[in-house]
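Participant: Starting from the given sequences, assemble the full structure and let the hints guide the process.
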Amino acid sequence: MTKRITAIVVEYNPFHNGHRYHIEKARELTRCDVLIAIMSGNWTQRGEPAVCDKWERSRFVLDYGVDLVVELPFLHATQCATEFANAAIRIASLLGATDLVFGSEI
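Using my numbering, the first residue of the sequence shown is number 4, and each one after it goes up by one.
The set of hints was computed from the structure by calculation and includes no laboratory data.
For glycine and all other residues, C-beta sits at the position ideal for the given N, C-alpha and C.
Hints may be right or wrong, so weigh each one.
[Said to hold, decoys possible] Ranges of calculated distance between the beta carbons of each label pair, as one might list FRET restraints:
no., residue 1, residue 2, range
1, Thr-47, Met-4, 36 to 42 Å
2, Gln-82, Glu-27, 15 to 21 Å
3, Asn-20, Phe-77, 24 to 30 Å
4, Asp-70, Gly-21, 17 to 23 Å
5, Leu-65, Arg-34, 18 to 24 Å
6, Asp-56, Glu-31, 26 to 32 Å
[Unchecked claim] Calculated lysine-lysine pairs in the DSS-like style (CA-CA distance at most 30 Å, straight line):
no., residue 1, residue 2
7, Lys-57, Lys-6
8, Lys-28, Lys-57
9, Lys-6, Lys-28
Facilitator: What follows is the structure, given as structure tokens:
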């Protein structure tokens, strides 16, 4: 039986209830067996330091239902949106992701 592996690409800087909702909906929509967050580290895509360090943000997402947190390397996390996304999708593919769920700010 093939496991459903869902990847979400996130910064969660800082983590808030909308991010918690994103995690819950990703699980609900895909009915995944494993939920992976591919997350930028201590620096954001805008080249600024994250409000909370990567360890604290990782604890939040693990507490709210993510099974595995993988760091998007600094080299890619601080690049333009295209490079940020391409690197994250390559990582998701290497991890065997069957689904990708993304959110947007409104």
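Participant: Please go over all the hints and tell whether each is borne out by the structure.
Facilitator: Verification of the supplied hints:
Checked against the given bound of 36 to 42 Å, the beta carbons of Thr-47 and Met-4, roughly 38 Å apart, stay inside it. Between Gln-82 and Glu-27 the Cβ separation comes to about 29 Å, which falls outside the hinted range of 15 to 21 Å. With their beta carbons about 28 Å apart, Asn-20 and Phe-77 fall inside the hinted range of 24 to 30 Å. Take Asp-70 and Gly-21: their Cβ atoms lie about 20 Å apart, and the range 17 to 23 Å holds.
Taking the beta carbon of each, Leu-65 and Arg-34 are about 20 Å apart, inside 18 to 24 Å as hinted. Against the hinted window of 26 to 32 Å, the Cβ-Cβ separation of Asp-56 and Glu-31 comes to about 29 Å, which satisfies the hint. Among the hinted pairs, Lys-57 with Lys-6 is consistent with the structure: their alpha-carbon atoms are about 28 Å apart, no more than 30 Å. At most 30 Å may separate the alpha-carbon atoms for a hinted pair to count; Lys-28 and Lys-57 meet this at roughly 23 Å.
With a C-alpha separation of about 18 Å, the suggested pairing of Lys-6 with Lys-28 holds against the 30 Å cut-off.
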